[in-house]
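S.K.: One-letter residues, chain by chain:
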Amino acid sequence: MIGAAMRTKLSRRLVGFVLVAVLSAASVMIGRRNRKPFSPDAPDFRKLGPASAPVLIVEFSDFQCPACRVAEPPRRQLLSLYDGKVRFVFKNFPLRMHQWARAGAFAAECAGRQGEFWPYHDALYDRQDQWTNDKADSFLEGYARELKLDLPAWRACLADPSVASAIEADQKDGNDAWVSATPTFFVDGKRFVGARQLAELAPLFIDKELKK
Amino acid sequence: MKPRELAVLAARLAVGAVLVYAGAAKASAPAEEFANVIVSYGLVGPDLALPLAAFLPLLELAVGWALVLGVNARAASAAAAAMFALFVFALGHAVFVGIPLPNCGCFGDAAHLTPGHAMLFDTTLAVLCAFIWRFGADAFSLDAWADGGV
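Chains L and W are the protein sequences, given in the same order. When you line the first sequence up against this note's numbering, it's residues 7 to 218, in that order. When you line the second sequence up against this note's numbering, it's residues 1469 to 1618, in that order.
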């Protein structure tokens, strides 16, 4: 009699533990059901390194994000360390909380259409504290002038719907890849978030990929 | 049902629901994002942060569901209190050494709390855990059912 009561108690306890495990697993699976594959593609002017490089790095970044600026030195170091061995693709992911990030993305995209994406990109990060304010438009135009861009064409480009479409396509790719923090890097599909993961963990992974 | 049992039930559901929400928000997102938040607290490096980022949300989920269902409610409340103490310590450390944390990262990308609000919130939840631990299972818990009470 005591044995049967104990068995009932134990089996009811077991039911409780199984329920906890099943509900925990279901919570994770329900949350992950929306993750989709993303396109690593971008216009050629936002790519660096040989197309045949064995390793592909895709960055989702926001020009106003301080963490993205912090990740710039390790990113540049990484590209110089693995020069010729990696293909780097920049994708825009301006966060809603950054008021001037979208303007920065438009300005860089239009500089890119005149072949000056990377110098403009570097200027936006190197001088992030200067232009991320109410005078953003005037600073952004000033950088375009410094790079000797065709200003009327650059200004017309800012209003070109295809620029907005390109940035929105990048954002959709970022959302599909479940990017919610910038900068997020994908090295051959493996995710690295922030400067420290890029600087400390990505080289080990790249070395492993290069040995394949 | 006695008022005290009702209070234990409410506390159990409240703490459990918070843990399930926080755990699900982080566990369903890539671990690297939470690892990046853990690193920003300045207590561990990226090497240790990644396994922690994979494990902690699952622990939150399991403890959260155990509280919601009332499975080993006392042990679950003790585990939850230990987690809240750990979170308060990490937040306190960040504030003490002057690490700017715009968002505590407690709920992944689902909700943003400042470190001050998060410390207050975690402390309140830890007090509720102590209350659950003190009075144990209520009549609506699976513990009570397992013990033959329902």
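Treat the hints as calculated values from the structure; they're not laboratory data. On a predicted model such as this, the values are computed, not experimentally measured, just so you know. Do not rely on the hints blindly, as some may be mistaken.
The list that follows gives simulated cross-link-like pairs (lysine to aspartate or glutamate, DMTMM-like), each with its CA atoms no further than 25 Å apart [as the list claims (entries may be wrong)]:
id, chain 1, residue 1, chain 2, residue 2
1, L, Lys196, W, Glu1473
2, L, Lys217, W, Asp1515
3, L, Lys178, L, Asp156
4, L, Lys53, L, Asp132
5, L, Lys196, L, Asp50
6, L, Lys154, W, Glu1473
7, L, Lys15, W, Asp1515
8, L, Lys42, L, Asp156
9, L, Lys217, L, Asp182
10, L, Lys141, L, Asp128
11, L, Lys42, L, Asp182
12, L, Lys154, L, Asp182
13, L, Lys214, W, Glu1473
14, L, Lys218, L, Glu122
15, L, Lys218, L, Asp132
16, L, Lys15, L, Glu147
17, L, Lys218, W, Glu1473
18, L, Lys91, L, Asp50
Stretch by stretch, here's where chain L covers chain W in the computed footprint (C-beta under 8 Å, at least three residues) [unchecked claim]:
id, stretch
19, 1473 to 1480
20, 1497 to 1503
For each residue, glycine too, the CB sits at the ideal point set by N, CA and C.
S.K.: Look at each hint and say if it fits the structure.
M.R.: We went through each hint and held it up to the structure:
no.	hint	in the structure
1	L:Lys196 - W:Glu1473	violated (49 Å)
2	L:Lys217 - W:Asp1515	holds (22 Å)
3	L:Lys178 - L:Asp156	violated (30 Å)
4	L:Lys53 - L:Asp132	holds (19 Å)
5	L:Lys196 - L:Asp50	holds (22 Å)
6	L:Lys154 - W:Glu1473	violated (75 Å)
7	L:Lys15 - W:Asp1515	violated (43 Å)
8	L:Lys42 - L:Asp156	violated (39 Å)
9	L:Lys217 - L:Asp182	violated (29 Å)
10	L:Lys141 - L:Asp128	holds (19 Å)
11	L:Lys42 - L:Asp182	holds (5 Å)
12	L:Lys154 - L:Asp182	violated (37 Å)
13	L:Lys214 - W:Glu1473	violated (57 Å)
14	L:Lys218 - L:Glu122	violated (35 Å)
15	L:Lys218 - L:Asp132	violated (36 Å)
16	L:Lys15 - L:Glu147	violated (74 Å)
17	L:Lys218 - W:Glu1473	violated (61 Å)
18	L:Lys91 - L:Asp50	holds (17 Å)
19	1473 to 1480	violated (count 0)
20	1497 to 1503	holds (count 5)
In terms of the numbered hints stated before, the structure departs from hints 1, 3, 6, 7, 8, 9, 12, 13, 14, 15, 16, 17 and 19, listed from lowest to highest.
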